[in-house]
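Q: Sequence:
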Amino acid sequence: MTSRSDETRRRLLDAARNEFAMCGIAGARTSRIAAAAGVNEALIFRYFGNKQALFTRVYESLIVQTVDDVPMDASDLGGYAGALFDYYACHDQVVRLAVWAALEAPDTAIPEGLVGVTAAKVAAISRCQEAGLVSKEIPADDLLALVIQLSLTGASAAPALGPDIESTSRRRSIVNAVRTLAAVENSE
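In terms of UniProt numbering, the sequence shown is residues 1 to 188.
A couple of the hints might just be wrong.
Claimed, not checked - Label pairs and their computed distance ranges (CB to CB):
# : residue 1 : residue 2 : range
1 : E112      : S169      : 34 to 42 Å
2 : T180      : C90       : 22 to 30 Å
3 : L103      : S173      : 53 to 61 Å
4 : S173      : V99       : 16 to 24 Å
5 : G79       : D142      : 15 to 23 Å
Said to hold, decoys possible - Within a straight-line C-alpha distance of at most 16 Å, the following computed EDC-like cross-link-like pairs (lysine to aspartate or glutamate) qualify:
#  : residue 1 : residue 2
6  : K136      : D76
7  : K136      : E185
8  : K51       : D14
9  : K51       : E41
10 : K51       : E104
The set of hints was computed from the structure by calculation and includes no laboratory data.
C-beta atoms are modelled at their ideal positions from N, C-alpha and C, and glycine is treated no differently.
Generate the whole structure from the sequences, applying the supplied hints.
A: Laid out in structure tokens, this is it:
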């Protein structure tokens, strides 16, 4: 692939990320994506196949970036929840795309780039459970899902909860909730 086609793909992915974040999968228009990228609409189909495949590529790249930017310490899931909350608060497109994916493509498989990463996180939590550092009361895969969902929900709930709910208070509540869920004392 030439550097020109690499640049075209990058512009398409950037434009698609913005379009999908604002409009979702169904509402996004390939014509707007192409116009924002400054390219012919046919290039979307040439490079990505179809709009759903383009969304999957955009979503996967944002999730992989999140994983790279927010490392997990399985022995401190509360700290991980807080770090995710902070990241989501600063990267609202990740939250928007996660919500759109859940609403419009709930049966979509985990993006290929995430399967290994997710398995590694679940395995790390399982090791901490076996070492007695994390409660065994909730299976590792469910615990990871809860941590991610609590962080996502907390970061996206700000407008719905009103201006009197401070972000720091909500973050603290999420960190404490996850620490309570993961606490070994809960596994009796």
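Q: Against each hint, give a clear statement of whether it holds in the structure.
A: Here is how each hint holds up against the structure:
1. E112 / S169: 34 to 42 Å: holds, 38 Å
2. T180 / C90: 22 to 30 Å: Holds: the Cβ-Cβ distance is about 26 Å, inside 22 to 30 Å.
3. L103 / S173: 53 to 61 Å: Once the Cβ atoms are compared, 25 Å apart, the range 53 to 61 Å for S173 and L103 is violated.
4. S173 / V99: 16 to 24 Å: 21 Å Cβ-Cβ, so the 16 to 24 Å window holds.
5. G79 / D142: 15 to 23 Å: holds, 19 Å
6. K136 / D76: OK: K136 and D76 at ~14 Å, within 16 Å.
7. K136 / E185: Given pair K136, E185 holds - Cα atoms ~10 Å apart, limit 16 Å.
8. K51 / D14: holds, 14 Å
9. K51 / E41: holds, 11 Å
10. K51 / E104: holds, 13 Å
In this structure, only the earlier hint numbered 3 is contradicted, and the remaining ones agree with it.
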